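There are 2 protein chains.
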Amino acid sequence: MSEQDHIRSHRTPRLHVDAALTPDTIVQLGPEQTHYLLRVMRLSLNAEVTVFNGRDGLWSARLHGSDRRRIAVKVLGQIAPQPPVYGPWLAFGVPKRQALEMIVQKGTELGVTRFFPIATEHAMAERLNPARLERIAIEASEQCERLHVPSMDGVMSLQQLLDGWPADRTLFWGDETGRGEPLADAADAILGEDLEAAPPPWGLMIGPEGGFAPAELDGLDEVPFLKRVTLGPRILRAETAVIAGLAIGQALAGDGDLPVRSAS
Amino acid sequence: MSEQDHIRSHRTPRLHVDAALTPDTIVQLGPEQTHYLLRVMRLSLNAEVTVFNGRDGLWSARLHGSDRRRIAVKVLGQIAPQPPVYGPWLAFGVPKRQALEMIVQKGTELGVTRFFPIATEHAMAERLNPARLERIAIEASEQCERLHVPSMDGVMSLQQLLDGWPADRTLFWGDETGRGEPLADAADAILGEDLEAAPPPWGLMIGPEGGFAPAELDGLDEVPFLKRVTLGPRILRAETAVIAGLAIGQALAGDGDLPVRSAS
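Each protein sequence line maps, in turn, to chains E and A. Residues 1 to 264 in my numbering are what the first sequence spells out, letter by letter. Residues 265 to 528 in my numbering are what the second sequence spells out, letter by letter.
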């Protein structure tokens with residue numbers, strides 16, 4: 001979490017940790033988190049923070065310990081239970097690094113629970129750095145106040161993606177050739193009548209720069225869970241299409257109608 | 265327009281020029297456009313391109329001239345007339361440079377017609393470089409195939425923005441405190457019944473990192489055209505909120521239902 005993020009937040013710092021969270025647990029923080037809390041945020045010992053690990057919900061904690069290069073937190077009590085995981089999945093042709101990192105950061109902010117990088121004729125899969133992408137997803141989770149850190153699958157082909165995709169999870173494919181109905185209509189159509197129910201499962205697929213190769217598109221129209229959609233009249237860059245598609249999908253078929261800061 | 269953009273596009277290069285467009289006009293291109301066409305795209309003399317200036321619609325043209333460091337185009341005939349300008353306006357607290365440039369690029373892709381950088385207690389207005397931002401808007405316009413290049417107002421205060429805002433243009437304010445209805449509902453509500461009519465006028469306002477200062481918020485609830493909206497349960501970075509808000513607004517109250525590549 002950067003200084004800028006916190007200035008924006010006016011909020012108690014939220015930290016991701018790996019350890020299991022139970023009352024009175026002492027969790028050692030890394031040097032980056034220590035630097036952020038003590039130097040950037042200028043917090044003192046016993047200052048209040050919140051911690052989460054993606055499994056045990058949200059907990060209050062206090063800064064603890066005397067080593068100012070590597071501080072710990074003492075876990076106090078649970079603030080919120082771990083919410084159910086129901087966010088969209090995102091499949092994307094791997095773009096250049098800057099766009100890739102934007103996709104992971106913004107996708108996390110918009111509630112993606114699982115990323116599927118797709119190797120295609122036009123995608124540069126060799127550029128993936130899983131450790132760095134996980135750090136981006138964790139930082140974005142801290143910043144946007146979600147309690148589940150999205151996972152990143154290994155690179156696979158489009159065919160492998162479709163072979164393993166659950167039949168009950170609609171996959172909206174942002175087809176840049178413009179065949180398909182507007183995503184807002186398609187997303188609205190999968191929403192059930194029960195307002196109390198969890199959002200329906202869905203995913204978004206955005207092809208690589210250059211689109212899929214013709215051979216990769218063979219048979220796509222026969223895939224029952226795949227739904228071609230359009231994102232409006234202008235040609236969007238791949239990362240713009242990802243953010244726009246996730247925002248529209250969440251607004252119409254996801255949790256976009258929930259109030260801000262509800263645990264998710 | 266970068267090489268990557270064209271690989272994605274599979275399309276005839278589209279170039280922005282300043283000159284008025286009429287048949288047989290010869291328009292000198294700059295060194296960057298020349299480099300792009302001859303070196304990156306490896307086009308030859310007489311290769312077909314399209315040109316637009318934001319006023320005269322879309323025209324076909326051919327590469328022309330013999331100076332390989334600075335080529336010209338010869339304008340042929342009009343392909344599409346200049347469409348009416350009806351896109352959203354975007355008001356935003358000026359963020360750091362990377363986020364600012366993302367807002368201008370993605371905002372252009374998503375159809376913004378007028379940008380309003382807002383100076384606030386937390387905004388860094390001194391970082392604006394109008395010439396660079398205009399170049400980003402022009403390149404994004406070329407890439408996304410719109411025919412109108414958005415304009416950028418000078419920096420103003422929130423009060424100045426509100427004083428000059430047209431009363432009939434709804435301004436959706438992405439209020440990060442979460443008071444307000446979901447943007448999708450608010451945007452849907454301003455859409456008229458006439459399916460043939462142009463989209464209603466609207467704008468989006470996203471505050472600076474850190475939000476507006478309390479004094480700046482005084483009286484906002486009495487502004488008749490201002491509508492507080494939420495963008496979902498997670499805390500979005502300012503630039504993410506801009507992209508998500510524009511995508512949702514365009515999908516529900518804008519041109520998101522038009523087919524791709526319709527001139528706009």
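Possibly wrong hints are sitting among the right ones.
Simulated restraints on C-beta separations [as the list claims (entries may be wrong)]:
1. A:P523 to E:L191: 22 to 30 Å
2. E:T22 to A:L392: 34 to 42 Å
3. E:S44 to A:P523: 38 to 46 Å
4. A:L455 to E:L191: 16 to 24 Å
5. A:E445 to E:P224: 42 to 50 Å
6. E:L76 to A:R396: 47 to 55 Å
7. E:G192 to A:G442: 21 to 29 Å
8. A:P347 to E:K96: 40 to 48 Å
9. A:G442 to E:S44: 36 to 44 Å
10. E:G178 to A:A461: 38 to 46 Å
Some chain A residues well away from chain E (every beta-carbon gap over 12 Å; in silico) [to be verified]:
11. T286
12. P287
13. M305
14. L327
15. M366
16. T372
17. P430
18. A448
19. G496
20. R498
21. L500
22. R501
It is worth saying that the hints were derived from the structure and are not from the lab. Just so you know, these numbers come straight off a predicted model, no measurement behind them. Where a beta carbon is used, it is the ideal one built from N, C-alpha and C, also for glycine.
Evaluation of the provided hints:
no., hint, verdict
1, A:P523 to E:L191: 22 to 30 Å, "holds (24 Å)"
2, E:T22 to A:L392: 34 to 42 Å, "violated (50 Å)"
3, E:S44 to A:P523: 38 to 46 Å, "violated (59 Å)"
4, A:L455 to E:L191: 16 to 24 Å, "holds (19 Å)"
5, A:E445 to E:P224: 42 to 50 Å, "violated (35 Å)"
6, E:L76 to A:R396: 47 to 55 Å, "holds (49 Å)"
7, E:G192 to A:G442: 21 to 29 Å, "holds (25 Å)"
8, A:P347 to E:K96: 40 to 48 Å, "violated (32 Å)"
9, A:G442 to E:S44: 36 to 44 Å, "violated (30 Å)"
10, E:G178 to A:A461: 38 to 46 Å, "violated (22 Å)"
11, T286, "holds (26 Å)"
12, P287, "holds (27 Å)"
13, M305, "holds (14 Å)"
14, L327, "holds (22 Å)"
15, M366, "violated (8 Å)"
16, T372, "violated (9 Å)"
17, P430, "holds (24 Å)"
18, A448, "violated (4 Å)"
19, G496, "violated (4 Å)"
20, R498, "violated (4 Å)"
21, L500, "violated (5 Å)"
22, R501, "violated (7 Å)"
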